[in-house]
Amino acid sequence: MKGQILNRMTPYFFMAPAGIIMAIALIYPLGYMMYGSLLDWNPSQSIGEAEFVGLKNYVTLFYDPAFRESLGVTLTFAFFVVIAEMIIGVGLALLLDRNIRGMSVLRTLFILPMMIAPVVVGLMWRYMYHPSIGIFNRGLDAVGLEKVDWLGQNALLSVILADIWQWTPFIFILSLAALQSLPQSALEASRIDGATGWQQIIYIKLPMMLPILIVTALLRLIDAFKVLEVILVMTEGGPGLSTEILALRISRTATEFRELGVAAAMSNYLLILLMILTVSMFAFTRWQERRATRLAAAIQEDA
Amino acid sequence: MLTYLSRTTLAASTALAVIAGAAAANPYAEYEGTTLVVNFPAHPHYDAVMQILPEFTKETGIEVEVDQLPYLKMRERQTLELAQEEGEYDLIGYVVFSKADYVYADQLENLAKYFMNPKLANPAYDPADLIDGYVYNIGFAGGDRGYLAGKTGSLFGLPYGSETSVLGYRKDIFEKHGLEVPETYDEMLALACKIPELEPGMGGLSSRAASGHHAAHAFLLHLNPLGGAIFDEEWTPVMNNAEGVQAAEALKTIVDCGPEGASTFGFGEALGAFLNGDTAMFLDTSIVAGQIDNPDKSKVVGKVGWAMHPMGTKRASQTGGFGIGIPANAEHKDAAFLLMQWLTSKEGDKMVALAGGNPSRFSTHADADVNAKFPHMATFGEALKHADPDWRPIIPVWGKINADLGTTLSKVLTEDLDIQEALDGVAQRATVIMDEAGYNTWK
Numbered sequence: 001m002k003g004q005i006l007n008r009m010t011p012y013f014f015m016a017p018a019g020i021i022m023a024i025a026l027i028y029p030l031g032y033m034m035y036g037s038l039l040d041w042n043p044s045q046s047i048g049e050a051e052f053v054g055l056k057n058y059v060t061l062f063y064d065p066a067f068r069e070s071l072g073v074t075l076t077f078a079f080f081v082v083i084a085e086m087i088i089g090v091g092l093a094l095l096l097d098r099n100i101r102g103m104s105v106l107r108t109l110f111i112l113p114m115m116i117a118p119v120v121v122g123l124m125w126r127y128m129y130h131p132s133i134g135i136f137n138r139g140l141d142a143v144g145l146e147k148v149d150w151l152g153q154n155a156l157l158s159v160i161l162a163d164i165w166q167w168t169p170f171i172f173i174l175s176l177a178a179l180q181s182l183p184q185s186a187l188e189a190s191r192i193d194g195a196t197g198w199q200q201i202i203y204i205k206l207p208m209m210l211p212i213l214i215v216t217a218l219l220r221l222i223d224a225f226k227v228l229e230v231i232l233v234m235t236e237g238g239p240g241l242s243t244e245i246l247a248l249r250i251s252r253t254a255t256e257f258r259e260l261g262v263a264a265a266m267s268n269y270l271l272i273l274l275m276i277l278t279v280s281m282f283a284f285t286r287w288q289e290r291r292a293t294r295l296a297a298a299i300q301e302d303a
Numbered sequence: 001m002l003t004y005l006s007r008t009t010l011a012a013s014t015a016l017a018v019i020a021g022a023a024a025a026n027p028y029a030e031y032e033g034t035t036l037v038v039n040f041p042a043h044p045h046y047d048a049v050m051q052i053l054p055e056f057t058k059e060t061g062i063e064v065e066v067d068q069l070p071y072l073k074m075r076e077r078q079t080l081e082l083a084q085e086e087g088e089y090d091l092i093g094y095v096v097f098s099k100a101d102y103v104y105a106d107q108l109e110n111l112a113k114y115f116m117n118p119k120l121a122n123p124a125y126d127p128a129d130l131i132d133g134y135v136y137n138i139g140f141a142g143g144d145r146g147y148l149a150g151k152t153g154s155l156f157g158l159p160y161g162s163e164t165s166v167l168g169y170r171k172d173i174f175e176k177h178g179l180e181v182p183e184t185y186d187e188m189l190a191l192a193c194k195i196p197e198l199e200p201g202m203g204g205l206s207s208r209a210a211s212g213h214h215a216a217h218a219f220l221l222h223l224n225p226l227g228g229a230i231f232d233e234e235w236t237p238v239m240n241n242a243e244g245v246q247a248a249e250a251l252k253t254i255v256d257c258g259p260e261g262a263s264t265f266g267f268g269e270a271l272g273a274f275l276n277g278d279t280a281m282f283l284d285t286s287i288v289a290g291q292i293d294n295p296d297k298s299k300v301v302g303k304v305g306w307a308m309h310p311m312g313t314k315r316a317s318q319t320g321g322f323g324i325g326i327p328a329n330a331e332h333k334d335a336a337f338l339l340m341q342w343l344t345s346k347e348g349d350k351m352v353a354l355a356g357g358n359p360s361r362f363s364t365h366a367d368a369d370v371n372a373k374f375p376h377m378a379t380f381g382e383a384l385k386h387a388d389p390d391w392r393p394i395i396p397v398w399g400k401i402n403a404d405l406g407t408t409l410s411k412v413l414t415e416d417l418d419i420q421e422a423l424d425g426v427a428q429r430a431t432v433i434m435d436e437a438g439y440n441t442w443k
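Protein chains in written order, with our numbering: chain A, 1 to 303; chain B, 1 to 443.
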């Protein structure tokens, strides 16, 4: 009897260290943030001194136009950067997936931008966008075109361009790895059947890469929601709130406005948003896999 | 016998006098060997302080370990440190808007007990010589409106690395076109837009304008001289009255007639434009004087003259920058006070001014040696007489109102949002913030 109980408990003993680490490293801080979001808490107080206000922070935020604007900016930013980066990154990978001389050097060069510290990227682009000494306006001026007010009238676009420059290599490198691990047999079969390059890309390469592309897009999306330093350095969220993405608003709420409870509630909104996106993306992949299995089964039955 | 006695008495009294004299001459003896840990901002003034600290150690035997951080980082670090039971810092340099937070949370020592202690307080300190606007703005709390001088207030810190606003102008450009240095706002605004016509490619006046803190700061620079205010006596937001609108219009005129891309300039870009020779005027903090005369950083060395912040309906220049205070959880409070007193004493203030810092005393601004090295110091001293301690409200919720003001003004500058509508919005939101913070409890 005793042995039986011990046997049944064994797996839990083995799982215990992982469980404890999870509890300390994940659940505790998360719980702390959840609890913090229910408080009227400024950084000069310890968490015990802060006043409990229930869901007030969430309700206030829900009706706060600045928060809503910031959420809108975040969604616009994330949407455009991920789409643009996916198209350019996958496109580059398809172009460079071949054996030409110096390819390894070229690949290394392509991934350099994502290795640069975000603050440096921010500063670099800020100066490139500078109205009078920046390279873009000097270039435009040199060819006789009108100068552009990059960080003034077109701040969000400018920030999006900088992010695309920095993070397209991430999509590129993962897409390239996915391409190179595709089974050659399918590609050879299509070649024998006379498929053109475009047909190969559309009907074979892209569908086979899709699971990896979805995970890549998801990773980028999560990152795009959290980007902070580049925008902080480039525009500090301005002009107005036009580039104030949520991560920046959270940081300002905690440090400038000294409202830790509201900042925590904001982080929770962001977390919920990311959870919804992640779950729906995985649900979509699962649905696709099932559909593929069903189709395969139907084909087999037909055969 | 008598001779012997008198000799002995003489010897004894001499010995006593020597001992007493030694004790009087060295009030630091008790603290010799103490190591103070201080937290200062990375700022030109505190870079100058670093040069004079060895002198303090030599004179007193008290060692000083400095943790210098960029000021926003410093503020974050202090927020955490001051909330501990036992803090790491014995003395902190704090940015002016932290005063409200620290004093309200009971985290700074009231300095009364130190100035009352005869063993610590130096009778030659001469507090009357400290610049009034700075002391009340940075060191005082609990007086009128809670953050100003007044019968109910007391001292929690001393100004150190404080700054006011002055007008820098290009002497060569002004001379070339026979222009007068502006005395009033009307003259300054007219000149700001005339200069780009006289000197094509050059902006009139470079100002901060970027969204948030920068735009709010630039607006505040004009608000008080033009007769406006953020709140009235009863804490009702009035930044949207006629004077407020006039101040925002002044800012918009300055930005529109400023150098290219001025609407996104932070402090660095605004100063950079002036140093680069892209604008003929610069209206901002006095802390930049050192950089303007540094040939490594400036293309306008020797070409810049200084004048007082122009008048609107009154003279009211900025008060801002830093002060020093003793954290309530400090370990070596008495020794920290001695350092604080030494740094802000007449001698210490002169020493730091000569090393390139911003003096806190009227006498230092008038000092011959300091003026020989920095000729602009006399003008700065004159400007300081008009430094307005109520330049901005130093209350805990100011950060939030300031940010809203700054982002909304940025929309005025870049998206052509109507000024009255924009300021009405800020006033409306500020009313809610003030109400939540309890400022309407007694109404």
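Heads up, a few of these hints could be off.
To be verified - List time: in silico DSSO-like cross-link candidates among lysine-lysine, alpha-carbon distance up to 27 Å: (1) B:K58 - B:K194; (2) B:K411 - A:K226; (3) B:K373 - B:K151; (4) B:K171 - B:K314; (5) B:K151 - B:K176; (6) B:K171 - B:K113; (7) B:K385 - A:K56; (8) B:K252 - B:K58; (9) B:K333 - B:K346; (10) B:K176 - B:K346; (11) A:K147 - B:K113; (12) A:K147 - B:K299; (13) B:K252 - B:K333; (14) B:K346 - B:K113; (15) B:K299 - B:K171; (16) B:K113 - B:K333; (17) A:K147 - B:K252; (18) A:K147 - B:K411; (19) A:K226 - B:K73; (20) B:K171 - B:K385; (21) B:K303 - B:K411.
None of these hints come from the bench; they were simulated from the model.
For the pair supplied as a hint, K226 (chain A) and K73 (chain B), confirm whether the alpha-carbon distance does not exceed 27 Å.
20 Å, holds
Is the straight-line distance between the alpha-carbon of K147 (chain A) and that of K299 (chain B) 27 Å or less?
25 Å, holds
Agreement of K171 (chain B) and K314 (chain B) with the hint, judged by alpha carbon distance not exceeding 27 Å:
Judged against 27 Å, a Cα distance of about 25 Å means the pair holds.
For the pair supplied as a hint, K385 (chain B) and K56 (chain A), confirm whether the alpha-carbon distance does not exceed 27 Å.
46 Å, violated
Keeping to a limit of 27 Å between CA atoms, is the pair of K171 (chain B) and K113 (chain B) held or broken?
With a Cα-Cα distance of about 49 Å, the restraint between K171 (chain B) and K113 (chain B) is violated, given a limit of 27 Å.
Run the distance test for K373 (chain B) versus K151 (chain B): straight-line Cα separation, threshold 27 Å.
With Cα atoms ~39 Å apart, K373 (chain B) and K151 (chain B) exceed 27 Å; violated.
Satisfaction of hint between K333 (chain B) and K252 (chain B), Cα-Cα up to 27 Å
48 Å, violated
Would you mind confirming whether the straight-line C-alpha gap from K176 (chain B) to K346 (chain B) stays at or under 27 Å?
With a Cα-Cα distance of about 41 Å, the restraint between K176 (chain B) and K346 (chain B) is violated, given a limit of 27 Å.
Compare the distance between the alpha carbons of K346 (chain B) and K113 (chain B) with 27 Å, and conclude whether the hinted pair is satisfied.
Distance of about 21 Å is within 27 Å: holds.
Given pair status - K226 (chain A), K411 (chain B), alpha carbons within 27 Å:
The given pair, whose Cα atoms are some 25 Å apart, holds under the 27 Å limit.
Given the proposed pairing of K58 (chain B) with K194 (chain B), does the C-alpha separation stay at or below 27 Å?
Not OK: K58 (chain B) and K194 (chain B) at ~55 Å, beyond 27 Å, violated.
Run the distance test for K147 (chain A) versus K113 (chain B): straight-line Cα separation, threshold 27 Å.
Roughly 62 Å between the alpha carbons, so the hint for K147 (chain A) and K113 (chain B) is violated.
Taken one by one, the earlier hints fail for this structure at numbers 1, 3, 5, 6, 7, 8, 10, 11, 13 and 21, listed in ascending order.
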